[in-house]
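Fit chain B to the supplied structure of chain A, relying on the hints for placement.
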Amino acid sequence: MTRPAVVELVDVTRSFPGPPEVQALKSVNLRVDAGDYLSIVGPSGSGKSTMLNLLGLLDRPSVGEYYLDGVSTGALDEQQRAALRGGKIGFVFQAFHLLPHRSVLDNVLLATLYSGVPRSEREPRARAAIDRVGLNHRVDFLPGTLSGGERQRVAVARAVVGSPELLLADEPTGNLDATTSSEVMDLFEELNADGLSLVIITHDRAVAERAERSIRITDGRLLELA
Amino acid sequence: MRLSLRRRPAGDVVDRAVDGPAELDGPDAGQAWGAAREIPRADRFSLQDLLVEASFGIGAKPSRLIMTTLGTVLGIASLVVTVGFAQTAAGQIANQFDSVSATQVLVEPATQRGSNGADVATGRLPWDAPERVARLAGVERAGLIADVDVKDLTVTSVPVNDPSAPAVSSPTVVATSADLLAAVRGDVVTGRYFDAGHDARGDRVAVLGERAAEALGINRVDSQPSIFIGETPYTVIGIVDGMERRSDLLDSVILPLGTARTDFGVKAASELHVQIAVGAGELVARQAPIAISPNAPENFTVTSPSSKSDLRDNIQSDINVVFLILGGIALLAGGLGIANVTMLSVMERIGEIGLRRALGATKRDIARQFMIESVVIGLLGGLIGSALGVFAVVIVSLVQGWTPILDPWLAIGSALLGAVVGLAAGVLPARRASNIEPITALRGS
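One line per chain: the protein sequences are A and B, in this order. Counting from 28, one number per residue, gives the positions in the first sequence under the working numbering. Counting from 34, one number per residue, gives the positions in the second sequence under the working numbering.
Here chain A stands alone, though its shape is the one from the complex (with noise of 0.2 Å):
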């Protein structure tokens, strides 16, 4: 037996009641494994944002199912999925949102205080994730001191440092220039190369270029490019 897909959607539908009512995901199947890099690319209101809210248990299916890592996230109540989505899941933005007043430690530390991770790991974690981001010399630095690529960097650090299976990144490139973009994507690919699945949701075709898988959303459906 192999492991199971990390995010596996099978006939997912996502209705909002109307009238009229809208149906923005249309019998969805998508199968993502463990160490996948994925992009979803569309147009704005092509369903991208509800893909990332199922994704990311921030919203249920109105049909269908969705299992995370082996487990059926239907039946789960609302304390349950913030556990799931904190231990699990790892958000990178295109705001960043990284907190203006706390350092870059405390700001990295945040993603443990919701997800569990024993209190006397939290610290050493938080340091290695943004040793691994290559931000060491800034670990006592404000968000606001930092460049937009730094800043960025600082939120894959707190995406991480859970130790989740999937990262899913919204726009992560979509405040930053073409140099630092790459760079920002280096770093995915290396996490990435580590195991971690990737789902990066863009705009960008370079970005959604160096995926392994690219799918795109038109309409509520799926296609996956070739």
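Keep in mind the hints are simulated off the structure, nothing from the lab. Ideal Cβ positions, reconstructed from N, Cα and C, are used throughout, including at glycine. Hints may be right or wrong, so weigh each one.
Said to hold, decoys possible - Here are the in silico distance ranges between beta carbons for each label pair: (1) Met100/B with Gly97/A: 44 to 54 Å; (2) Pro330/B with Arg146/A: 48 to 58 Å; (3) Leu365/B with Ser42/A: 43 to 53 Å; (4) Ala75/B with Ser130/A: 32 to 42 Å; (5) Gly101/A with Phe89/B: 30 to 40 Å; (6) Leu461/B with Gly101/A: 41 to 51 Å; (7) Ala75/B with Gly201/A: 37 to 47 Å; (8) Gly201/A with Leu377/B: 43 to 53 Å; (9) Ser42/A with Leu359/B: 49 to 59 Å; (10) Gly97/A with Trp442/B: 57 to 67 Å; (11) Lys94/B with Glu251/A: 24 to 34 Å.
Claimed, not checked - Stretches of chain B that chain A covers, calculated by requiring three or more beta carbons in the stretch to come under 8 Å of a beta carbon on chain A: (12) 74-87; (13) 381-395.
Chain B in isolation, oriented as in the chain A frame:
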């Protein structure tokens, strides 16, 4: 280092990359891919974590914090000042009409009807009773009086054996401690009152009440006149008057207690006179018997100025209603201020809220965080306001020469009231914060 990020600590979950298939043999093979792990209690998001996170939220904008607490500070301060002055006034207003009786407390041994129909004292005032009560707050001076039974001895200034002289009733003899004169507000006309040294040594000295001195024909003491009780001589060292509380002392020969104990075998003092600060009557009346006899405070009866007065109640209620209404309004404004600023803070921190949700915080975690922030702001305002109020009462009392009277629960309770205001103010913002859609919040900015 790379690996350490991907691998869970040993013993938690077996490393899947290396020996994944082997796991199937394990006892929890079915759970191998780990439904949400049971997180040990110590590693969950605890109250302490919550407080730390909330404190960062509160401390992020100090200037705003000051403005936010201002309303609560004013409201709580005015409540404390109003109630505090009402309590202080309880000691003042009535007393201005009779300041002597308002500053005098009398402690006597309680009496019980004995089997032979006579009253028997059930308690005994210890000789150091003045020192004991002097330590109480509000007590200014205290002195003991004992009646001296001189049997049928007469008190004379010159022992003359004149069978034809008319029988004169001799003045009564009492014994007091050295501080009594001040405690009953007597004045020295000439000479001096005896002191603790005379008392301790049992010196044969005496002080005369003014009328007794007149009766004995003594009007100056610089010639060291003597009086005789029976045949024992006592040097007169002073003449006193005043003593509004015990004007009978004007007709008495006053001896030091120690002398009376030695010469006449006085067993116990009969009265303890205490002079108190204006308004301290109730307090001293409650504490004095305990100070005198911790084991049996019920054995003493205390006569103290009453702080209850219709007049006072009337004046008080007029002042109170106005100030309480003002305080209530200020408090309401304070609560609205907190609600407003917390709401603003929720709106500003939408991104943070979304992030926390994405990192595994539940709606309840978010709601509690903002709730705590609001409560702490309220409590802070309450503490500052309460402190300011107490200071105001104390300083004004000091300037006016009043005794500040404040129930400690008033200070504590009003600080807590600030927290309650914060709690009420936080409900709406906290609910708003917990209902924010994480992805909308995270993609918005």
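Going down the list of hints, with the structure as the test:
1. For the pair Met100/B and Gly97/A, the beta carbons lie near 52 Å from each other, so the given range of 44 to 54 Å is met.
2. Checking the proposed 48 to 58 Å range against Pro330/B and Arg146/A shows it holds: the Cβ atoms sit about 54 Å from each other.
3. One distance hint, 43 to 53 Å for the beta-carbon pair Leu365/B and Ser42/A, holds here, with the actual separation near 46 Å.
4. In this structure, Ala75/B and Ser130/A break the distance hint of 32 to 42 Å, their C-beta atoms being roughly 24 Å apart.
5. Hint check: Gly101/A to Phe89/B, Cβ distance near 36 Å, so the stated range 30 to 40 Å holds.
6. Between Leu461/B and Gly101/A the Cβ separation comes to about 33 Å, which falls outside the hinted range of 41 to 51 Å.
7. Between Ala75/B and Gly201/A the beta carbon distance is about 39 Å. The supplied range of 37 to 47 Å therefore holds.
8. Between Gly201/A and Leu377/B the Cβ separation comes to about 27 Å, which falls outside the hinted range of 43 to 53 Å.
9. Distance hint for Ser42/A and Leu359/B: a CB-CB separation of about 56 Å, consistent with the stated range 49 to 59 Å.
10. Taken as a hint, the range 57 to 67 Å holds for the pair Gly97/A and Trp442/B, whose Cβ atoms sit roughly 59 Å apart.
11. A hinted range of 24 to 34 Å for the beta carbons of Lys94/B and Glu251/A is inconsistent with their spacing of about 49 Å.
12. Under the rule that three or more residues need a Cβ within less than 8 Å of chain A, the assignment of the region 74-87 of chain B holds, with 6 such residues.
13. Taking a C-beta to C-beta cut-off of 8 Å, the region 381-395 of chain B contributes 11 residues in contact with chain A, enough for the three needed, and the coverage statement holds.
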